[in-house]
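Residues per chain are reported as follows:
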Amino acid sequence: MSGASVSFDRAAAYYDETRVTDPDALRAVVDLLASVMPGRGPVIELGVGTGQIALPLVARGVDVTGLDLSADMMTVLRAKPGGPSLPLIQGDATRLPIADGSLGGAYMRWVLHLIPDWMGVLRELDRTVVTGGTVAIEPGGFSGPFRETYLRYREILGDAVVAVGLTAVDRDEQLDEGFALVGWALQDEVPVMYERTTTLQEVFDEVPSKRWSWTWRVPDDELASATEEVRAWAIQRFGDLDRPIPSEHVHWRVYRRAA
Amino acid sequence: MSDSIAFDRAAEYYDATRGLSEEGVRHTTEALVEVFRGAGPILEVGVGTGQVAVPLHEAGGRVVGLDLSRPMLAKLLSKVGGTPTFPLIEGDATRLPFADDAFAGAYLRWVLHLIPDWRAAVREVARVLAPGSAFVAALGAYGGHRHEMQARFAEITGISTEPAGLAWNGWEELDAEVASLELQKLPDIGFTDQDRDNLEHFMQAIEGNRFSWTWAVHNAATREDAAAEVRRWAEDRWGPLGEIPPETFDWRFAVYRLP
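These protein sequence lines are chains A and B, in that order.
Numbers 1 to 259, taken from the working numbering, label the letters of the first sequence in order.
Numbers 260 to 518, taken from the working numbering, label the letters of the second sequence in order.
With the rest of the complex left out, here is chain A (with noise of 0.2 Å):
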């Protein structure tokens, strides 16, 4: 695979209110990173972003350095308290600027979509990461009525809302296999629960403005057409829209590099 990785620029002055952690979740993924990390030598976060994560994660001790492609993420994250305490690399996930076998470990969450060559950024982390050293993941991705408008939407436009990396569907399996393909073993699998309050009627009135990066490759009107489709066809299949959906688990997969 190749062509470019998907930056996030566009998304730094909105990200933190459109992608919200709450308090719980975010300290369930902080505790179980802070017990997976190997606790010897230094962590990477691929997709830093505005460090929802490794802040709280220096906070706890790990040594955290991040990464990302877009300098403008990792200004909000540096504005934040904590934020000056984190080396921040801005670079590629497929080409990591790091020497061979001195990373402890490496985590990242909703990343993997946004790069073409994702099974690359596998390579330079078996790699870089020490014998006996941790990947923990959180593909991300959709699940119960909001997988089923995702691909409705797919439906309509086509390869435009496919993610140019792992696709939104089955992510755990393509992983699983990406990682054993450089001989790592998945290790664990650690459900968190993200609480949301989303409705199918605050998917259909955000998805026009672009917040998802899986609308951005759309044009404007072809979006709102689709949307207008994707709303009958909803109301049809699920009733009320603004019906509070209930979250669902999600899972952090950890992947171990045997020696």
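No wet-lab data here; the hints were simulated from the structure.
Don't be surprised by glycine CBs; every beta carbon is placed ideally from N, CA and C.
Among the clues, some could well be false.
Stated by the list, open to error - Where chain B lies over chain A, by a calculated footprint (3+ residues, C-beta under 8 Å):
hint: 1; stretch: 70 to 78
hint: 2; stretch: 83 to 89
hint: 3; stretch: 93 to 105
Said to hold, decoys possible - Taking beta-carbon pairs under 10 Å as the criterion, some of the chain B residues facing chain A (in silico):
hint: 4; residue: I264
hint: 5; residue: L302
hint: 6; residue: R321
hint: 7; residue: G324
hint: 8; residue: R329
hint: 9; residue: P356
hint: 10; residue: D359
hint: 11; residue: A389
Unchecked claim - Short derived list, chain A residues pointing at chain B, Cβ under 10 Å:
hint: 12; residue: A59
hint: 13; residue: D63
hint: 14; residue: T65
hint: 15; residue: L67
hint: 16; residue: V129
hint: 17; residue: T131
hint: 18; residue: V182
hint: 19; residue: P244
Got chain A sorted already, so can you dock chain B onto it with the hints?
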């Protein structure tokens, strides 16, 4: 690719041919700890085998090391037992892969002479430093007998031993460049160190083509003849080189602070 000189070829013998005495290392570490007091990551440009960074890290400094040479970084890692201790970044000083304001301090030692566009490297350091942080630089000029032997080598070959980048003693040029970036010059760090080695070994390193200032003499026979002539000349003047009492060196680190 960079025009800067990578030390790939020197990874195996670097530590045998360059370095301070144990006491000199201690002086350097204490001085840097004092300058960089406070939280936040510290960048070393040209970290090499970690002669400065490893003791600084052990003294509590939050070092991030960058080098153009992958073999030098591998050597550093093997010196610390193969277990990573701080981030090691592969990169070019003239295009640092870091976000603006990413560091609370930066230093470099015996590096700027290897970088033709050393002014760009200084600008990059200023860019990645946060307001108020310190920048420390040491240049690589010899003193005493070493300086005379180097000058004699240049005389014999007719090929300058002046470096590709900043002059060995280019302190004033460095001050001027840094001043143009509006950094404030603070008092130098200075201390006297006793030679950890003798001139016989220095002579052997010249004969072994182990210093970057002999690399410009591409013809091996020319280089070897010149080295033999330097040896005859030096022994005529000073007697057996292994018996010359250890010299002392006045080391100097320029210190600057961002506004």
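| query | Residue count check for the stretch 83 to 89 of chain A against chain B: does it reach three with CB-CB under 8 Å? | reply | That given contact holds, which follows from 6 residues of the stretch 83 to 89 of chain A lying within Cβ reach (below 8 Å) of chain B.
- Classify the hint on L302/B as holds or violated, based on whether any CB of chain A lies nearer than 10 Å to its CB. 8 Å, holds
Worksheet item: If you take the shortest Cβ to Cβ gap from R329/B to chain A, is it below 10 Å?
Response: At 7 Å from the nearest chain A Cβ, R329/B passes the 10 Å test, so the hint holds.
For this session: Classify the hint on D359/B as holds or violated, based on whether any CB of chain A lies nearer than 10 Å to its CB.
Result: 7 Å, holds
Next item on the list: Mind checking the CB of T131/A against every CB in chain B and telling me if the closest is under 10 Å?
Entry: 8 Å, holds
| message | Using the nearest Cβ pair, does A389/B come within less than 10 Å of chain A? | response | 6 Å, holds
P244/A was flagged as interface toward chain B. Is the shortest Cβ-Cβ separation under 10 Å? Violated. Min distance 38 Å.
Report task. Have a go at the D63/A hint: is there a Cβ in chain B nearer than 10 Å to its own Cβ? Result -> It holds, given that the least Cβ distance between D63/A and chain B is near 8 Å, below 10 Å.
Next item in the hint list is T65/A. Is there a CB on chain B closer than 10 Å to its CB?
5 Å, holds
Item to check | Per-residue hint verdict: V182/A, partner chain B, C-beta under 10 Å | outcome: 19 Å, violated
Taking 8 Å as the Cβ threshold, is the statement that the stretch 70 to 78 of chain A is covered by chain B upheld or broken by the three-residue rule? Answer holds; 4 residues pass the 8 Å Cβ test.
> Regarding the hint that L67/A lies at the interface with chain B, is the smallest CB-CB distance below 10 Å?
Replying inline: Hint holds; L67/A Cβ to chain B Cβ min 9 Å, cut 10 Å.
Of the hints listed earlier, those the structure fails to meet are numbers 4, 12, 18 and 19, in rising order.
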